Structure formats: structure tokens, C-alpha cells
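Engineer: Starting from the structure of chain A, add chain B where the hints point.
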Amino acid sequence: MTDNTDRNIISLLNEPSSAESAAEALFKKYYSDVCYAVYRIIPDVARSEDIAQEVFLEIWRKKDTLNIKTSVKAYLKRAGVNKALNYIRANKVKFEDDDSYEMQTLSIRDHSSDIEAQDLQNIVDEAIESLPPKCRTVFSLSRFEELSYKEIAEKLDISVKTVENQIGKALKILRLAVEAYK
Amino acid sequence: MKEYFILQLLHKQFTGQLEEVDKSLLSDWVSQSPENKAFSDSILKIWQASANFAPPVSFENRTESALDRFRSAIRQEAITPATQESTILEQPTAKIRTLTPLKWISGIAASAIILLSAVFLLDKNSGDNSYASLATLSEQKQEIQLIDRSTVWVNEKSTVKYFDEVPSKERKVFLDGVAFFDVEKSDKPFVIETDNAVITVLGTKFNVNADKDGTTVMVKEGKVQLQPKLSNKHIILMENMTGIYEVDTKKLYRKQASSYKGDSWIRGGYSFEDDSLEDVFSVLENHYNVDIIIQNDDLKKCVFTSPVYQDSTLESVLDVMQLIYGFNYALKDGIYHIEGGSCS
Chain A
1 MTDNTDRNII SLLNEPSSAE SAAEALFKKY YSDVCYAVYR IIPDVARSED IAQEVFLEIW
61 RKKDTLNIKT SVKAYLKRAG VNKALNYIRA NKVKFEDDDS YEMQTLSIRD HSSDIEAQDL
121 QNIVDEAIES LPPKCRTVFS LSRFEELSYK EIAEKLDISV KTVENQIGKA LKILRLAVEA
181 YK
Chain B
1 MKEYFILQLL HKQFTGQLEE VDKSLLSDWV SQSPENKAFS DSILKIWQAS ANFAPPVSFE
61 NRTESALDRF RSAIRQEAIT PATQESTILE QPTAKIRTLT PLKWISGIAA SAIILLSAVF
121 LLDKNSGDNS YASLATLSEQ KQEIQLIDRS TVWVNEKSTV KYFDEVPSKE RKVFLDGVAF
181 FDVEKSDKPF VIETDNAVIT VLGTKFNVNA DKDGTTVMVK EGKVQLQPKL SNKHIILMEN
241 MTGIYEVDTK KLYRKQASSY KGDSWIRGGY SFEDDSLEDV FSVLENHYNV DIIIQNDDLK
301 KCVFTSPVYQ DSTLESVLDV MQLIYGFNYA LKDGIYHIEG GSCS
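Quick note, the sequences are listed as chains A and B, same order.
Residue 1 is where the first sequence starts when you use this note's numbering, and the numbers rise one by one after that.
Residue 1 is where the second sequence starts when you use this note's numbering, and the numbers rise one by one after that.
Don't read these hints as lab results, they were simulated from the structure.
Incorrect hints may appear among the rest.
Stated by the list, open to error - Lysine to aspartate or glutamate pairs mimicking DMTMM-like chemistry, simulated, CA-CA at most 25 Å apart:
1) B/LYS229 - A/GLU145
2) B/LYS169 - B/GLU221
3) A/LYS69 - B/GLU64
4) A/LYS172 - B/ASP22
5) A/LYS29 - B/GLU64
6) A/LYS69 - B/GLU170
7) A/LYS73 - B/GLU285
8) B/LYS37 - A/ASP119
9) B/LYS332 - A/GLU146
10) A/LYS69 - B/ASP148
11) B/LYS251 - A/GLU145
12) A/LYS73 - B/ASP68
13) A/LYS73 - B/GLU246
14) B/LYS12 - A/GLU179
15) A/LYS172 - B/ASP41
16) B/LYS2 - A/GLU179
To be verified - Quick look at which bits of chain A chain B covers, simulated, 3 or more residues with Cβ under 8 Å:
17) 51-60
18) 64-72
19) 143-152
To be verified - Computed list of chain A residues with no C-beta within reach of chain B, every gap over 10 Å:
20) PRO43
21) LYS83
22) PHE139
23) LYS155
24) SER159
25) ASN165
On a predicted model such as this, the values are computed, not experimentally measured, just so you know.
We put the CB at the ideal spot given by N, CA and C, even for glycine.
Pulled out of the complex, with its shape left as it was, chain A reads as follows:
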């Protein structure tokens, strides 16, 4: 469900006199949400910001025929995720060739002086951030977009087997990261 103000903003987008300020209000309110949704899948700040710009520009272009059935926030995040997936497909990112990352990832965590202060959440956050990019993409699609193996395989144009392998690898890296702090 969408709250009142969002519906108002969307309806103001339809009127030439208020369209620009409505678009800016929408942008201010949700730009960072869209960036985070994209960044979870593509850990590249500049690329995430480009994709978020595209999302809002497209809303602007389609403002007269916009049909948002979910909440506006969910709609915008979904649009960002879809664009991120298109980007991955268009750039034919290979999903099998980054095994060398694993050791590198593990050697990062040697600042063990503040073990006490590190709670599980911090360790997990840091470990996700350090996942190999393709592994990170597959993991995020499962974790945050709640896609099935089959859906991830279809969206990334890879095999279900590859999805399974990347998931196994992601969990192993997270486990080792947590283990290292015990």
C-alpha cells in the first residue's frame, strides 16, 4: 500500500504546473533507497548512482501513463533492480571466473584488535561487502530480492548449477569471516 503523500506526489506529476517540483520531491525522498537497492546487487557506487538517475528519469518520461500498483518506494526499488540486472546481462558479466577472490577476501580481516566491539552484524556486513562481485550479485538476489534459483538463473542468463555454487561460496565466505572472530 502506498501512503497518501506518495499518491499525491504521483498525481501532481500529471499536472504541468507541479510536475517538476513533484519529480524533485520524489527524487529527494527515494533516491538513496534506489541507490542502496542497486548497490546491493552491483557494489559500485558510481554505477549505482547512474542507474538510480535512469530510474527517476524514466519515471519523468512516463509520468502521464504511470500505473503504480505497489507502494511507490517498492516500485522505484524494483525498477532499479531490473535496470541493474539489465546492466549485468548487457555487459555479459561472467559468473564462473572469480574463484581467486576467496583467499584475498579472507586475508582482509586482520584488524582484530576490536574483536569485542565487533558484533555479528558488523562482521556479516563487512563480509557481504567483501564478497566477489558476481558472488555478491547472486547472493543479494536471493537474500534481498527473494528470487528462487531458477529466477536468478533466468535473470542473469546463467545455469541453476552456477547459482547454487555461488550461493555455497557466499555462505562459506560469510561463515569463515564469522569464524575468524571467534
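Structural biologist: Relative to the frame of chain A, chain B by itself:
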């Protein structure tokens, strides 16, 4: 090799993708030794923590400069205004009116102002048929007369997309939110598609409450079929029956009630007589188009009798119930959480 395999099985279990054959394999492995159990528990903890992943970058700080970029981008776009006025003029058939509680159900308010503040769009691109859309705001209800002479009452914060030409095959409507349908009999099936289920009828009266978490149908008259989208199972619902599909548990089930309360929100008033709190909360969810989660299972079975609440706010009703049952309620992320409480 082995570890990868176990991790994959665990992940499948967490995401509900574990196949029947692997279930016993995994549970056997887990119960084999305390170490295995500890391993599986620690992976679950990691998986749960990963849901709250917060990346070490702040996009909030970058919004201002990004906004400048966006502003110059949209100013470069050629502006081709299609005003709301012209959109309405193109809208040929379906009649819409804003509902004033109490009056409109009798049809007295038939001349009420058209399109007070609803967002109204025409979408000519959905396949062969032409559809129109209506989205209601908070505290706004709308009645739509469809061209087959069926009537749809749309509750607040809901979106309906409906056929606005005589359809060749089925009469199709899309719904996110709460609506009551009075469907005119026809040999063309009337089909309501929600995010996660499909409801099929020929001619009848019933209420639908649909969002991404599930679809609930309450039948007032006639016969209605409810089918989840990703399933070939369906249930048939008759008078005073409620059919429920829950997305997260994939449960599809029905309940029989002694009286009909699915359209209380149209009249603005409702009352309860020895109704279980589980049923009471589903009436409130429907009436105010909100989500309510009862944390305490024992509370669901308590019975509640009330005077007629007419145009009351949800909070005022919850406050009364809170005094009786001693529960706490809190609005978190748009969902009302009911915690604690007991029947006495």
C-alpha cells in the same frame, strides 16, 4: 566439497526451495552430531543477520548533488503535457463517483462529484482489451460502475484496473487493496487478478482484500473460486465463507462465518457479537485496509462483543480493546503489531 553441499542445502531450506528428497538427507545430517547441529545453527544466524546488511556507503549524503544532475536532465527533456483534464475526457464508459459514507450505498449520492481527487489513468496498452485504472487515497472510497453493469466499491489506499470496453472473452480486473464486488451475471467469467491469486466468478457479491502478502475473499452471495497464481489448487467459496491465501506459508484455506462482515467498510459501521479476535482483526484489516499481526496465538481465540462502531478510527477501537484484553499495539513499518494480552 561436502561443506559446499551442506551450505547449499541449508540455503535451500532457508529459502523454501529444499526438495522433498533432500529434506531427510539434511535433517539426518544435522541430527548426526552436536557439531553438525551447531554448524547449521550458526549458518542460520549468519543468514538472518545478512538480511539487515547495511553497506558502508552513504547515498543520503549524495542526494543533493544527484538532484542537481537530475534537475538539469529533466529540463532538457521535451515536455509534452497530457493534462489530467484531457485524460478524463477520453474516458468514455465506466462511471466513477466519490463515495460519501452512508448515503452512497442507496444510490442517493449518484450525482456526487466525479473524480474528486482520485488518481485516474487510462492504459490502452494492455493486450487486446482496454483498461482504466483507479487509485484511491487515504480515507477515500470510490464506487465504479463497470460497463457490464457490475459494481465495484473500492476502499481507501487501493488500486483497481478494470476493463472499460466490452471484453471478448473474460471480464478482467486487477486489484491491490480492498474492494467489494457485485458482479452482474454473464456467461463471460469475471476474473480478478491480485499479486498472488486469481479469483473467478460468474455472478455474485463478495469482498477481496489483496496485497503482496496474500489474498482474502469474503463471499456474501453465490459461488467464488480462489486460486493462487503459482498453483493449480483452488478452493470454492459459498455464502459467508472466507477464503485465504498466504504467500509466505503458501497456505490456502477457508472458514465459515455465521454472518457477513466483509462489506462493513462500505457502510462505515460494524459491530461484533461473540466473534473471535482473529475474525475481529480480519474485519478491521479489511475495514481500514491495514495489516495487523497478532503475536500472541492465545489472544486469537478470545471472543469479543461490541456496540456498533460508526465511522470510528482504528486507533479508537484498538484503544477500547486494549483496555479489555490488556495487549499492547504499535504501528511499525505500516503494520499494526498486537503484543501480549489475554482473554480475561
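Engineer: Hint by hint, note whether the structure agrees.
Structural biologist: Results of checking the hints against the structure:
Distance hint between B/LYS229 and A/GLU145 is fulfilled; the C-alpha atoms sit about 19 Å from each other, no more than 25 Å. Of the supplied pair hints, the one linking B/LYS169 and B/GLU221 holds, its CA atoms being roughly 24 Å apart against a limit of 25 Å. Our distance criterion of 25 Å between C-alpha atoms is broken by A/LYS69 and B/GLU64, whose separation comes to about 28 Å. A hinted pair counts as satisfied when its Cα atoms are at most 25 Å apart, and A/LYS172 with B/ASP22 qualifies at roughly 20 Å.
Note on A/LYS29 and B/GLU64: the hinted pairing holds, with a Cα-Cα distance of about 11 Å set against a maximum of 25 Å. Only pairs whose Cα atoms come within 25 Å are accepted, and A/LYS69 paired with B/GLU170 is accepted, the gap being roughly 22 Å. Distance check on the hinted pair: A/LYS73 and B/GLU285 sit about 22 Å apart at the alpha-carbon level, within 25 Å; holds. With a CA separation close to 22 Å, the supplied pair B/LYS37 and A/ASP119 stays within the 25 Å bound.
Between B/LYS332 and A/GLU146 the alpha-carbon distance is near 22 Å, which keeps this suggested pair within the 25 Å criterion. Annotation: proposed proximity of A/LYS69 to B/ASP148 holds, straight-line Cα distance about 24 Å (limit 25 Å). Distance hint between B/LYS251 and A/GLU145 is fulfilled; the C-alpha atoms sit about 22 Å from each other, no more than 25 Å. Under the criterion of a C-alpha separation no larger than 25 Å, the hint pairing A/LYS73 with B/ASP68 is consistent with the structure, at around 21 Å.
For the hint linking A/LYS73 to B/GLU246, the alpha-carbon distance of about 23 Å falls within 25 Å, and the restraint holds. Taking the CA atoms of B/LYS12 and A/GLU179, the gap is near 22 Å; set against the 25 Å cutoff, the hint holds. A hinted pair counts as satisfied when its Cα atoms are at most 25 Å apart, and A/LYS172 with B/ASP41 qualifies at roughly 14 Å. Straight-line distance between C-alpha atoms of B/LYS2 and A/GLU179 comes to about 18 Å, which keeps the hinted pair within the 25 Å bound.
Beta-carbon proximity to chain B at under 8 Å applies to 5 residues in the region 51-60 of chain A; the threshold of 3 is reached and the given coverage holds. Interface restraint, the region 64-72 of chain A with chain B: holds (7 residues with C-beta to C-beta distance below 8 Å; minimum three). Given a C-beta distance limit of less than 8 Å, the hint that chain B covers the region 143-152 of chain A holds, as 5 residues qualify and 3 suffice. Interface exclusion of A/PRO43 from chain B breaks down, the closest Cβ pair being 8 Å apart, not more than 10 Å.
Annotated as non-interface, A/LYS83 keeps its C-beta farther than 10 Å from every C-beta of chain B; the closest such distance is 15 Å. Look at A/PHE139: its CB is around 8 Å from the nearest CB on chain B, not clear of 10 Å, so calling it non-interface is violated. Distance check for A/LYS155 against chain B: the nearest CB is about 16 Å away, which clears 10 Å, and the non-interface claim stands. Every CB of chain B is more than 10 Å from the CB of A/SER159 (nearest about 14 Å), matching its label as outside the interface.
With a cut of 10 Å on Cβ distances, A/ASN165 falls inside the contact zone with chain B, its closest approach being about 7 Å.
Violated hints for the displayed structure, listed by number in ascending order: 3, 20, 22 and 25.
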